[in-house]
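I would like the entire structure built from these sequences, with the hints used as guidance.
Letter by letter, the sequence shown follows residues -20 to -1, 1 to 478 in mature numbering (1 follows the signal peptide of the UniProt record, and there is no 0).
Just so you know, not all the hints are guaranteed correct.
Computed list of lysine-lysine pairs in DSS-like fashion (alpha-carbon distance at most 27 Å, straight line) [to be verified]: (1) Lys384 with Lys37; (2) Lys132 with Lys152; (3) Lys132 with Lys474; (4) Lys384 with Lys464; (5) Lys41 with Lys11; (6) Lys303 with Lys316; (7) Lys384 with Lys304; (8) Lys304 with Lys474; (9) Lys180 with Lys133; (10) Lys384 with Lys402; (11) Lys335 with Lys366; (12) Lys465 with Lys180; (13) Lys118 with Lys132; (14) Lys464 with Lys133; (15) Lys261 with Lys104; (16) Lys152 with Lys474; (17) Lys180 with Lys366; (18) Lys37 with Lys49; (19) Lys335 with Lys464; (20) Lys465 with Lys37; (21) Lys108 with Lys261; (22) Lys474 with Lys316; (23) Lys464 with Lys40; (24) Lys366 with Lys11; (25) Lys108 with Lys384; (26) Lys37 with Lys52; (27) Lys152 with Lys108.
What the hints contain is simulated information worked out from the structure, not anything from laboratory work.
Given the structure is predicted, the values throughout are model-derived calculations rather than measurements.
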Amino acid sequence: MAKIWLLSLLFLIIFLLLAAFKRSKTRQHHKPPSPPGFPIIGNLHQLGELHHQSLWKLSKKYGPVMLLKLGKVPMVILSSSETARQALKDHDLSCCSRPSLVGHRALSYNHRDIAFSPYNDYWKEVRKLAVQELFSTKHVNSIQPIKDEEVKKLIDLISESASQKTSVNLSKEFLTLNVSVVCRAAFGVSFDGSNEKINKLIREAFEMLGSFSASDYNSYIGWIIDWFTGLQGRRERIVRDLDGFYEQMIDLHNNQEKEQGSEDFLDMLLRLEKEEAILGKDKLTRNHTKAILMNILLGGIDSSAITMTWAMAELMRNPRAMKKVQSEIRNQMGNKSMISLDDVDQLHYLKMVIKETWRLHPTAPLLVPREVMSEFEINGYTIQPKTRLHVNIWAIGRDPDSWKDPEEFLPERFMDSNIDTKGLNFELLPFGSGRRSCPAMYMGTTMVEFGLANLLNHFDWNLPEGMVVEDIDTEESPGLTISKKNELILFPVKYFHH
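Have a look at this one:
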């Protein structure tokens, strides 16, 4: 009897072990494929300086849905338009929160800004406020006189360089232009004379936000690693500099005399702060205000300047496209000294050039990371809660399944095409899609179109002496956004309309 009981117990144990093994195997089957990693660090060693390129190369082997472990944090990378559609459209609500990034938290004031705040009532209220007061079509059109003035200043500066036959650093000037427009339009202040310092600070902040901080993936060991590598000290310095910049902006703003009824966005934030307004469940504080300022400054300045620089670089590398876009502008605009925002709507080839620039050089190649809130499936693979989700739109822009000759700069590919950048065509997502799409989409697009149209109309452009088209590089700088690694320096030639 005892033998029968022991035999039965043995069979039960074997059955339970086989069932557990089968369940484990089933779960493993539903996990996305993953490159082998090391204990503790996971796949961190496989990320090069340019993370989007490293992940693109890995995706060619492991597929468009790929699981990595960065320290102890699971991260899924999507690298095709179809997988992006499933995540950002079909399962948008399941993955529209933001992860808590320990290492980068200080840069975003504990995630109190629009881009980095978790999906909650506070985020909804702040986004609604920003869209209504700053990024709406009505507001963007109302600040057109500011854009006119700042672009006119840039044209005058470049005209002087043309007359003296000196070069222009377009990377620097595009960033300065956007700093001036955003600071005047959103905050009612001008930082003439200190733009170089601001430009450097913005570039460093974006590089820091885009880096993979070890403390984001292992709080204690990671902090020690960040301290030894110098990342922690650099991060603290940038935070101090950013905070000082926000205080300077607020002080300058408060010291300016304002006409009655001329409240700008910063006026409104300071008023709500004083009134102790409630956004979601949070009372608006100075840290909230600074976090929102950071989001607008970094999102509104850097991305437009980067796109303008890449567009000019690609046009210089492709003289046929340059000639075609300038002919369109000059034939349609005639002798106009300044092209208006309404005029830009007639410049169809220019719009194709900008779309093609976004395809090859999206400003945020991995978008801002999302965090999965509830389980869902992509391509049959289970995506678990607390997983970080990145969409590699840089890789999607180079996917031969979506684009013919993907490495070529061919604006004509958008001729007679319905593909736009509003987040519904997942082959082209420079502003993201779904609940986390960029609220400043219209503002950024109009700034790029308006600025480029006027500079291409007023000037022809030459390379530095001894340099040929083939010498123009497309190397990228690391960071949350991918700017051109080497600054674009060209010689302007004043164009006289016949």
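Do the hints match the structure? See the list:
1. Lys384 with Lys37: holds (19 Å)
2. Lys132 with Lys152: holds (16 Å)
3. Lys132 with Lys474: Judged against 27 Å, a Cα distance of about 14 Å means the pair holds.
4. Lys384 with Lys464: holds (24 Å)
5. Lys41 with Lys11: holds (16 Å)
6. Lys303 with Lys316: Given pair Lys303, Lys316 holds - Cα atoms ~19 Å apart, limit 27 Å.
7. Lys384 with Lys304: holds (21 Å)
8. Lys304 with Lys474: holds (18 Å)
9. Lys180 with Lys133: holds (21 Å)
10. Lys384 with Lys402: Cα-Cα ~22 Å, so holds.
11. Lys335 with Lys366: Not satisfied, since the Cα-Cα distance of roughly 34 Å exceeds 27 Å.
12. Lys465 with Lys180: Holds. Lys465 to Lys180 sits at ~14 Å (cutoff 27 Å).
13. Lys118 with Lys132: holds (22 Å)
14. Lys464 with Lys133: Roughly 24 Å between the alpha carbons, so the hint for Lys464 and Lys133 holds.
15. Lys261 with Lys104: Given pair Lys261, Lys104 holds - Cα atoms ~11 Å apart, limit 27 Å.
16. Lys152 with Lys474: holds (20 Å)
17. Lys180 with Lys366: Violated, at roughly 34 Å.
18. Lys37 with Lys49: holds (17 Å)
19. Lys335 with Lys464: Holds. Lys335 to Lys464 sits at ~17 Å (cutoff 27 Å).
20. Lys465 with Lys37: OK: Lys465 and Lys37 at ~20 Å, within 27 Å.
21. Lys108 with Lys261: Roughly 15 Å separates the two Cα atoms, so the pair holds.
22. Lys474 with Lys316: Since the Cα atoms of Lys474 and Lys316 sit roughly 14 Å apart, the hinted pair holds (cutoff 27 Å).
23. Lys464 with Lys40: holds (25 Å)
24. Lys366 with Lys11: holds (14 Å)
25. Lys108 with Lys384: violated (39 Å)
26. Lys37 with Lys52: Holds, because 22 Å separates the two Cα atoms, which is no more than 27 Å.
27. Lys152 with Lys108: Roughly 32 Å between the alpha carbons, so the hint for Lys152 and Lys108 is violated.
Going through the hint list in order, the structure does not satisfy hints 11, 17, 25 and 27.
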